[in-house]
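In this text, residue positions in the sequence shown follow this note's numbering: the first is 2, and each later residue adds one.
Don't read these hints as lab results, they were simulated from the structure.
Since this is a predicted model, take the numbers as computed values, not measurements.
Among these hints, one or two may not hold up.
With a straight-line Cα cutoff of 20 Å, these simulated DMTMM-like cross-link-like pairs (lysine to aspartate or glutamate) come out [unchecked claim]: (1) LYS70 x ASP48; (2) LYS24 x GLU73; (3) LYS12 x GLU28; (4) LYS40 x ASP52; (5) LYS60 x ASP39; (6) LYS60 x ASP34; (7) LYS70 x ASP14; (8) LYS24 x ASP52; (9) LYS24 x ASP49; (10) LYS12 x ASP48; (11) LYS70 x GLU81; (12) LYS60 x ASP49; (13) LYS70 x GLU28; (14) LYS70 x GLU19.
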Amino acid sequence: MNLPTLVQIAKGDAYFVEYNQGKLWYELIYQMDNGYSDKLRFPIPVDDAGDGAFVIQMKGINVQRWARKQVELIRQAVDEARMP
2 MNLPTLVQIA
12 KGDAYFVEYN
22 QGKLWYELIY
32 QMDNGYSDKL
42 RFPIPVDDAG
52 DGAFVIQMKG
62 INVQRWARKQ
72 VELIRQAVDE
82 ARMP
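Please put together the full structure from these sequences, using the hints given.
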């Protein structure tokens, strides 16, 4: 499984997908090292919005905090699944 690096996340673009149970779900489209594009879906809790606006499209650098958390959760799940 290839997960995005911080640089790939920062250079990507995130698009709003849906709102569900207090979370805004975005899909990040990023460029992999081989030139192909891939996607990562991640949540942003509505409570994190504060006075800010969450828009339909954002640059990857602006959502890096939440995308990075999702990548870490996926890595942990993969590592746990590999354990005997």
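**Item:** Distance restraint between LYS24 and GLU73, which requires alpha-carbon spacing of 20 Å or less
**Value:** holds (18 Å)
**Prompt:** Taking 20 Å as the top limit, are the C-alpha atoms of LYS40 and ASP52 close enough?
**Reply:** With a Cα-Cα distance of about 28 Å, the restraint between LYS40 and ASP52 is violated, given a limit of 20 Å.
**Asked** Is LYS70 within 20 Å of GLU81, Cα to Cα?
**Response** This hinted pair holds, its Cα atoms lying about 17 Å apart.
**Asked** Does the structure keep LYS12 and ASP48 at a Cα separation of 20 Å or less?
**Response** violated (25 Å)
**Asked** Taking 20 Å as the top limit, are the C-alpha atoms of LYS24 and ASP52 close enough?
**Response** Holds: LYS24 and ASP52 sit about 16 Å apart, inside 20 Å.
**Item:** 20 Å limit on alpha-carbon distance, applied to hinted pair LYS70 and GLU19
**Value:** Status holds; Cα separation ~18 Å.
**Message:** Need the status of pair LYS12, GLU28: alpha-carbon distance at most 20 Å?
**Reply:** Holds. LYS12 to GLU28 sits at ~14 Å (cutoff 20 Å).
**Asked** Keeping to a limit of 20 Å between CA atoms, is the pair of LYS60 and ASP34 held or broken?
**Response** The hint holds at about 19 Å.
**Item:** 20 Å Cα cutoff - pair LYS24, ASP49
**Value:** Given that 20 Å is the threshold and the Cα spacing comes to 9 Å, the pair holds.
**Message:** Tell me if the straight-line CA distance from LYS70 to ASP48 falls inside 20 Å.
**Reply:** It holds: about 16 Å lies between the C-alpha atoms, which stays within 20 Å.
**Prompt:** Are the Cα positions of LYS70 and ASP14 separated by 20 Å at most?
**Reply:** Judged against 20 Å, a Cα distance of about 17 Å means the pair holds.
**Message:** Would the hint linking LYS60 and ASP39 be met if the CA-CA limit is 20 Å?
**Reply:** This hinted pair holds, its Cα atoms lying about 15 Å apart.
The structure fails to meet hints 4, 10 from the earlier list, while all remaining hints are met.
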